[in-house]
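> Line by line, the protein sequences are chains G and W.
Counting from 1, position 739 in the first sequence corresponds to residue 739 in the working numbering; the numbering is continuous, with no gaps.
Counting from 1, position 48 in the second sequence corresponds to residue 798 in the working numbering; the numbering is continuous, with no gaps.
Everything labelled a hint here was simulated from the structure, so no lab data went into it.
In this text, a Cβ means the ideal position worked out from N, Cα and C, and glycines have one as well.
Misleading hints may appear alongside valid ones.
Derived coverage of chain W by chain G (criterion: at least 3 residues anywhere in the stretch with Cβ under 8 angstroms from a Cβ of chain G; other residues may be distant) [unchecked claim]:
1. 751-757
2. 769-775
3. 892-898
Straight-line Cα separation of at most 25 angstroms, DSS-like style, residue types lysine-lysine; simulated pairs [to be verified]:
4. 360(G) <-> 208(G)
5. 213(G) <-> 821(W)
6. 705(G) <-> 556(G)
7. 189(G) <-> 523(G)
8. 605(G) <-> 595(G)
9. 831(W) <-> 207(G)
10. 208(G) <-> 821(W)
11. 523(G) <-> 556(G)
12. 590(G) <-> 896(W)
13. 831(W) <-> 202(G)
14. 95(G) <-> 896(W)
15. 831(W) <-> 208(G)
16. 896(W) <-> 636(G)
17. 896(W) <-> 208(G)
18. 568(G) <-> 636(G)
19. 556(G) <-> 896(W)
20. 821(W) <-> 202(G)
Anything over 12 angstroms on all C-beta distances counts as not near chain W; from chain G, calculated [unchecked claim]:
21. 163
22. 227
23. 293
24. 657
What follows is the residue order along each chain.
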Amino acid sequence: MTLVRTTFGRRAFIKRVGLAGGGLVIGFSWLAACKDATPEEVVMMPDEWFEINGFLKIGDNGMVTIMSPNPEIGQNVKTSMPMIVAEELDADWEKVFVEQAPLNTDLYTRQLAGGSQSIRQGWESLRMAGATAKHMLKQAAANSWQVPMAEITTAAGVISHEASGNSAHYGEMASAAAQLEVPEEVEMKENKDFSIIGTSRKNVDGKKIVTGKPLFGLDTYREGMLVAMLVHPPAFGMRFKSMDAASVKSMPGISDVFTFDTYTEGTRMSFADIATFNTKVAIVGESTWQVMQAKKALNVEWEEAPDEAYDIDLFGRILTTEYPSGKENSDSHSLGMAETATRKGNVVRKDGNVDAAFKKAAKVLERSYSCPFLAHNTLEPMNFYANVTEDHAELIGPIQTPEFMEKSVAARLGLTLEQVDIQMTRMGGGFGRRLYGHFLTEAAVISQTVKRPVKLVYTREDDMTFGNYRPAYYVTYKAALDENNEMTAFLVRAGGIPESPLFANRFPAGAVENYQAEEFTIKSNVSVGAWRAPRSNFIAGAEQSFLDELAEMAGKDPIDFRLELFDKAINNPVGENNDYEAERYAGVLKLVREKSGWNSQQNGKHRGVAAYYCHNSYVAQVLDIAMVNGQPRVDKVYSAVDCGIVVNPDAATNMIEGGVVDGIGHAMYSAITFKDGAPQASNFDKYRLIRHGEAPRGQEVHFVKNDIDPTGLGEPPLPPVMGALANALYKANGKRYYHQPFMSNKPLLG
Amino acid sequence: MATYNLNINGQSLSVDVDPSTPILWVLRDHLGLVGTKFGCGIAQCGACTIHIEGSATRSCQIPVSSIGNNKITTIEGLSEKGDHPVQQAWLEHDVPQCGYCQAGQIMTAAALLNSNPSPTDEDIEATMSGNICRCGTYTRIKAAIKTAANSGSLS
């Protein structure tokens, strides 16, 4: 039995009960929203809801509504987080409704979609919420039946007392339970008793998605709403100079054309704010098409921006970022990184003496790898609805960081936090792009200016040319083998524009006697940010490609070669702070070796392998390529994943499959380049994303079964597959791929 | 501005808009049919796919003035109860991640199966390659199309 202390404040609870007048809590937003419910849902609607705690409410007929606290970007937390609550509640999943929770950081833990941390960091509070409610329902039943609570059992939404023969569904006890005090301690289930966690449950929004119901920010329409669009500078290093607004103000449906500053002097910005292109032009009108026409017609003059620097509040630490003036080019970006990497960087970690080891080496291998900037390209472009009045801001839309944006938008509008209401919609993709909520602030400022509700809509071109891109990275590896083909030294020198992708304490740190990690950075005015599996999304593939080439030089099987290194890390680790568990790392490699039949002959298939650890999870992949009409085609990908307990296996499998496709696609085809500061792709005609015919023909996903609390899932499958891909391509056509995108006709390097 | 009487999902609907307005924005802004999505605006991503006389068409490129009496079907009208074999197969395979592209994928797939009830893998890849799924659910989309094709309930 696991007892945990509850953290629901007694005071807050009493306040809610008082609010309800005798414990009946009705009239929740869900009822107001029920016009979107399917006919079956309407039939099941209870007459009254009883709020047990902020995570759930129970209807008089036994229906349960569970709040999903975190933003949904396609990672499926809107299904998996409520599953965790339902598990401890012993709810009947068929009688559960799920509702997107409001932003309430007093009640919910970390309402953020990022770092693959929703389930990991919500695990305990979600379970506690369910267990607390179950405890109170049992207590209510014990009081009602005058029997000891310890004798009461629950299953699938029914409370029973065997000895007396009493039984009731949750709805019958909900009113009484809602009036009880929150217990100080509640019991949580043993993992072996899980009946919902670990079973596959369908996406709770599935029916709405396949029938085209409004779910996304862009689907927001309100009475009296205007549409707003932006014009931002055409190139990084440029800023607004002047415009001829009068010529478009008279166009049909157009009501306003003006410039505004997203952030004003002295605004405290967090990591979720971007000051790039701070002055923008807003065009406001009646319909999207009319505003699009005005946007095309508007003449704006731009000028070169000076050197700029901004302070960002990074979780209490003030970080100044410099944006040098100038119009940058991808060619010089690439050459700059390659040139800088020839010199010693800033040494972040040093074990033993790599220089001495290289002198004594029997063989030395040195290779360099690079990748370009990438746009996020969420399929739903940036957008937000804002209705800002003198004392209130209603903000509805897709945002991964509502908690952070609430603070900065309140400051920008001159409102208090209480006056700002951010409502989270389902997001048409995130991948990190919507961690940066300037579009929310832009919509709010425009609404405040025109004194009307507005929906800000980015065109695809706006979205792609004002990215918060994945930085361009570069890494040089150098390794030494002795006469027994044992690795004796490993040097990694990683850098990028404007940040380094280095993880100094990750593998193979700890597995080699002489190890040195160096980094370098190059300043830029191109705005960058987190992109699915930041830094890992490049360094994993580079490292795993290098190890593949090193294994070949050592004359060893690439899996055996890695396992030997993990043995060393397990039995005789080098240094401290090694940021991985070697047993689990080796575990996924062994699992993928078994499941892919690695040691058996594969006719006509060319195989590559890779493994990586990030976001607290381990993924190993074997990727098969078949040559079709002389072109490489990914035939099958096997993934072995250790992410602890898997909450919703089929949905988790979907996430891994998607990460694999995403990783293959970007490594093969995607890039955004710059000429005189201007992005050279602005839509999907020039920016190549992976399509159906390029995706793997098949995938297999295997999870390591263990009792470890859940860890990351959304990001970990992407990084290693880039390495497995490069290694399989080498087997297929004898060519090593060092520079992404691999299928570019004109790679920037190599 | 001009008035157009449109045949959408079996209903006759009237709008007063600029003749150049793409049917995508007529559906979304003027008729409240938001299931058809805006993704790129240049017919490269397929998120806005609808049926015009049964053919899968990118609605972002079709001005309302060119529709005439042609019958339009959107995701909202693909089936009365959301139970078209393709929609059912999508639910069975739990295809969506973010879900934004899926209406377009479903509309393209439904039109494919209408003209080719037993598509090969190559047929599916060729037809579906105009629809981007940024989340990478291609593996499941293909499986769902095969399930729908084999369901025996295509009409």
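> Residue count check for the stretch 892-898 of chain W against chain G: does it reach three with CB-CB under 8 angstroms?
Violated, because only 1 residues of the stretch 892-898 of chain W bring their Cβ atoms closer than 8 angstroms to Cβ atoms of chain G.
> Can you confirm whether the C-alpha distance between residue 95(G) and residue 896(W) stays at or below 25 angstroms?
violated, 31 angstroms
> Against chain W, does residue 163(G) keep a CB gap of more than 12 angstroms to every residue?
Holds: least Cβ distance 42 angstroms, greater than 12 angstroms.
> Holds or violated: residue 556(G) and residue 896(W), Cα atoms, limit 25 angstroms.
This hinted pair is violated, its Cα atoms lying about 42 angstroms apart.
> Straight-line Cα separation of residue 360(G) and residue 208(G) no greater than 25 angstroms?
Answer violated: residue 360(G) to residue 208(G) is near 65 angstroms, above 25 angstroms.
> For the pair supplied as a hint, residue 605(G) and residue 595(G), confirm whether the alpha-carbon distance does not exceed 25 angstroms.
holds, 16 angstroms
> CA of residue 831(W) to CA of residue 207(G), is that 25 angstroms or under?
holds, 10 angstroms
> With the threshold set at 25 angstroms, check whether the alpha-carbon distance from residue 189(G) to residue 523(G) stays at or below it.
violated, 51 angstroms
> Has the given pair, residue 831(W) with residue 202(G), been kept, meaning a C-alpha gap of at most 25 angstroms?
Holds: residue 831(W) and residue 202(G) sit about 19 angstroms apart, inside 25 angstroms.
> Report holds if the minimum CB distance from residue 227(G) to chain W is greater than 12 angstroms, and violated otherwise.
violated, 8 angstroms
> Between residue 523(G) and residue 556(G), is the straight-line Cα distance small enough, at 25 angstroms or below?
violated, 41 angstroms
> Does the alpha-carbon distance linking residue 568(G) and residue 636(G) stay inside the 25 angstroms limit?
Answer violated: residue 568(G) to residue 636(G) is near 31 angstroms, above 25 angstroms.
The structure shown violates the earlier hints numbered 1, 3, 4, 6, 7, 11, 12, 14, 18, 19, 20, 22, 23 and 24.
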